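Q: Here is what each chain is made of, one letter per residue.
There are 2 protein chains.
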Amino acid sequence: MKILDNPAKDSWKKQLARPVFKTKEINKIVKPILRKVKRNGDKALFKFAMEYDHVELDSLFPSEIEIQSASEALDPALKEAIQVAKANIERFHKAQETPELVDEVMPGVVCKRKSVAIQKVGLYIPGGTAPLFSTVLMLGIPAVLAGCKEIVLCSPPNKEGKIHPAILYTANLIGISKIVKVGGAQAIAAMTFGTESVPKVDKIFGPGNQFVTAAKQTATKYGVAIDMPAGPSEVLVYADASANASFVAADLLSQAEHGVDSQVILVTETEKFAKKVIKKIDEQLENLPRKDIAKKALANSRAVLMDNAEEAMELINFYAPEHLIISVEEEDKAVNAVYNAGSVFIGNFTPESAGDYASGTNHTLPTYGYARNYSGVSLDSFVKKITYQKITPEGLKNIGPTIEIMAENELLEGHKNAVTIRLKHLNKQNK
Amino acid sequence: MKILDNPAKDSWKKQLARPVFKTKEINKIVKPILRKVKRNGDKALFKFAMEYDHVELDSLFPSEIEIQSASEALDPALKEAIQVAKANIERFHKAQETPELVDEVMPGVVCKRKSVAIQKVGLYIPGGTAPLFSTVLMLGIPAVLAGCKEIVLCSPPNKEGKIHPAILYTANLIGISKIVKVGGAQAIAAMTFGTESVPKVDKIFGPGNQFVTAAKQTATKYGVAIDMPAGPSEVLVYADASANASFVAADLLSQAEHGVDSQVILVTETEKFAKKVIKKIDEQLENLPRKDIAKKALANSRAVLMDNAEEAMELINFYAPEHLIISVEEEDKAVNAVYNAGSVFIGNFTPESAGDYASGTNHTLPTYGYARNYSGVSLDSFVKKITYQKITPEGLKNIGPTIEIMAENELLEGHKNAVTIRLKHLNKQNK
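Same order as they appear, the protein sequences are chains Z and V. Letter by letter, the first sequence follows residues 1 to 431 in full-length UniProt numbering. Letter by letter, the second sequence follows residues 1 to 431 in full-length UniProt numbering.
There's no promise every hint is true.
In this list, chains with the same sequence are indistinguishable; a pair is considered to hold if it fits within one copy or across any two.
[To be verified] Using 30 Å as the maximum straight-line C-alpha spacing, the simulated BS3-like pairs for lysine-lysine come out as follows:
id, residue 1, residue 2
1, 22, 149
2, 22, 9
3, 149, 120
4, 272, 291
It should be emphasised that the hints constitute simulated quantities derived from the structure, not laboratory data. Given the structure is predicted, the values throughout are model-derived calculations rather than measurements.
Produce the entire structure from the sequences given, and follow the hints as far as they go.
A: Have a look at this one:
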């Protein structure tokens with residue numbers, strides 16, 4: 001972990017640069033996959049399962065028995081933990097419901113706004129090194145709460161052709177029944193174009209490797225929406241001497257273990273504290289099963305010394321971290337100064353992993369600087385807000401002349417006429 | 001306007017297809033523009049003003065005098081109309097504010113969600129055939145209400161090097177002071193990369209021709225967000241015998257006059273009513289200054305006869321119109337069955353132009369079928385919703401074991417350790 005000592009503002013961009021990806025090469029692999037799924041449907045999915053998951057599937061769906069035995073196979077303590085997390089996530093996402101807005105802006109002119117579920121959504125749950133059942137909770141719970149009519153969950157099968165029991169159990173627990181054994185770019189393609197088994201959806205959610213990310217980006221060209229642009233996970237910890245160096249080290253490592261391209265940043269005042277944290281990282285690292293991954297991620301990472309608290313906050317907002325941990329004496333002041341971050345973790349006893357699993361907030365958050373212009377996934381991500389207006393004859397008399405003058409001055413006579421013809425009709429009636 | 005008689009469901013996609021665009025050819029023109037602005041900054045903008053706007057600019061900014069004389073040049077009746085519209089739009093968008101959400105999901109585990117303004121936004125206001133000062137209201141008002149720190153408005157100069165006085169007046173009225181004389185793809189490029197005069201922004205809003213649309217799409221590759229994917233404007237009118245054929249004709253024409261690629265659809269039960277509307281269209285068309293445009297748009301348009309009201313609603317949701325006018329006897333039933341639409345206009349006295357200008361709803365809406373998965377512009381479009389969590393030592397004792405078990409089962413020991421190390425510390429303290 002390199003230490004930067006009060007870097008000049010014009011060097012921030014370079015010094016805090018995130019890893020760059022070779023999108024061209026990845027697209028060269030992803031585009032033919034999309035094309036094949038579009039053309040050959042399920043047949044292509046079975047073929048890709050052989051090629052990438054090394055398994056010959058009988059069916060793209062898990063059997064009843066597979067789902068039932070998933071629950072039986074799981075440690076009761078894990079099931080209970082998943083239920084606790086579910087309750088918290090459900091509670092905090094239910095609280096995000098936007099009540100219907102009705103407002104009579106002028107006598108006889110009523111405007112309304114209502115949340116309406118996106119009808120068909122697709123959730124992608126990676127398999128790979130870790131069975132991300134927590135992501136099933138984070139995407140599935142708001143989808144169910146929003147009232148999406150069709151919820152499809154795609155996840156790759158293992159070499160035995162099965163989906164991890166914790167993923168099946170969690171999906172079943174929250175009421176998602178359409179589970180498809182397909183992973184990677186081919187899963188995104190299936191949900192984009194539809195196949196015999198996989199419905200075409202309106203919006204695709206979920207994390208994934210660079211192939212999944214590239215496929216989601218390409219999917220947007222075919223009318224599908226996606227949750228957000230993706231990049232590797234990241235955390236920035238802002239800590240002063242009131243923080244516990246061991247806790248800070250553990251938090252930085254919890255992010256570094258995600259992947260070799262993860263980035264972790266420490267912002268602090270003194271070199272002394274930075275060195276203390278680095279020492280604790282070295283100690284803790286040795287006990288981590290994923291230490292090789294974490295070591296590589298730490299090579300991309302920085303400890304930034306900032307003398308001035310205001311400038312420190314400026315740098316943090318410039319970086320716009322996905323996860324921001326704030327462990328400083330003047331906590332409120334720092335928290336209130338945040339304007340670019342995905343999710344904020346406050347104080348010495350709020351590890352980032354709390355939000356990853358169970359505090360109730362969503363863990364699908366904008367990375368790679370997108371916290372400047374994107375929100376994390378929330379109940380909002382699964383609805384559209386449709387507006388309505390209803391104008392009475394009285395109301396049209398009130399607002400009509402305003403519309404007529406504006407339309408005329410935008411040289412849109414047809415727009416004006418839609419009002420004029422109605423006002424004339426009303427005037428005739430009055431006579 | 002072609003009449004379709006109860007088209008079979010599997011033909012809807014083909015029969016209601018929207019116009020297709022040659023994006024490749026447009027991108028060939030747009031990409032070098034982006035590259036040149038990125039490389040040469042303001043110098044490129046001055047050059048493009050010569051090339052595309054046919055004017056040699058002294059400055060990219062309107063002078064104080066230009067802004068002052070804009071207000072003087074304007075008809076007082078127009079100024080008053082703009083003020084009425086402003087009041088309604090402001091009122092309905094202010095009502096969209098999301099209060100801060102704070103919830104103690106478990107004892108000692110507090111989650112929070114807060115709306116925070118996107119810091120820098122760019123608004124694009126087309127010049128061209130019509131001076132769209134109404135779009136200044138629709139984008140500027142929520143940007144100001146959200147509290148965006150920097151609001152840049154770009155609009156092309158006319159041949160005298162001026163911006164239309166109604167655009168200047170409206171921008172000034174709502175408090176937007178950063179106005180830049182630049183249009184087309186070069187304006188989008190300037191806001192994406194930043195130049196000496198134009199700040200780089202986080203999110204770009206606004207309508208435009210195919211070059212602007214293509215430039216916005218490309219801009220997203222450089223970390224900028226955009227309001228939504230764009231397409232030509234469209235309206236679908238759902239009417240029965242209780243509707244007034246002249247009103248329906250006027251509404252269809254008000255949309256058809258937008259552009260040759262606009263699409264208007266009538267859905268109704270009987271051929272008799274459809275023919276009545278078509279007759280009224282032919283009559284009204286003759287008096288429209290933009291009748292040549294409207295005629296071409298009508299060639300893309302359809303009257304669809306649907307015997308069955310439920311299937312009619314299914315077809316409407318399938319089409320997912322930007323604007324949906326509902327003028328039927330069983331109005332509530334129809335309105336409640338809508339799940340894919342940008343904005344809905346209810347009853348015989350609610351012309352679509354009301355929403356375009358002054359009812360209070362936003363006129364920046366998802367077209368081209370994107371009403372399936374996108375909302376129109378609203379106050380939400382100018383904020384991010386950041387989540388926060390704060391856990392007390394007591395709270396971590398409550399939720400910690402849940403996190404530990406889940407992290408362990410996702411094979412993320414580092415995530416688990418961030419909790420374990422804190423719980424151990426707390427247990428030691430208690431002894």
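Q: Are the hints correct? Go through all of them and say.
A: Evaluation of the provided hints:
1. 22 with 149: neither (37 Å within a copy, 34 Å between copies)
2. 22 with 9: within (28 Å within a copy, 43 Å between copies)
3. 149 with 120: within (6 Å within a copy, 36 Å between copies)
4. 272 with 291: within (25 Å within a copy, 75 Å between copies)
When held up to the earlier numbered hints, the structure conflicts with hint 1 and nothing else.
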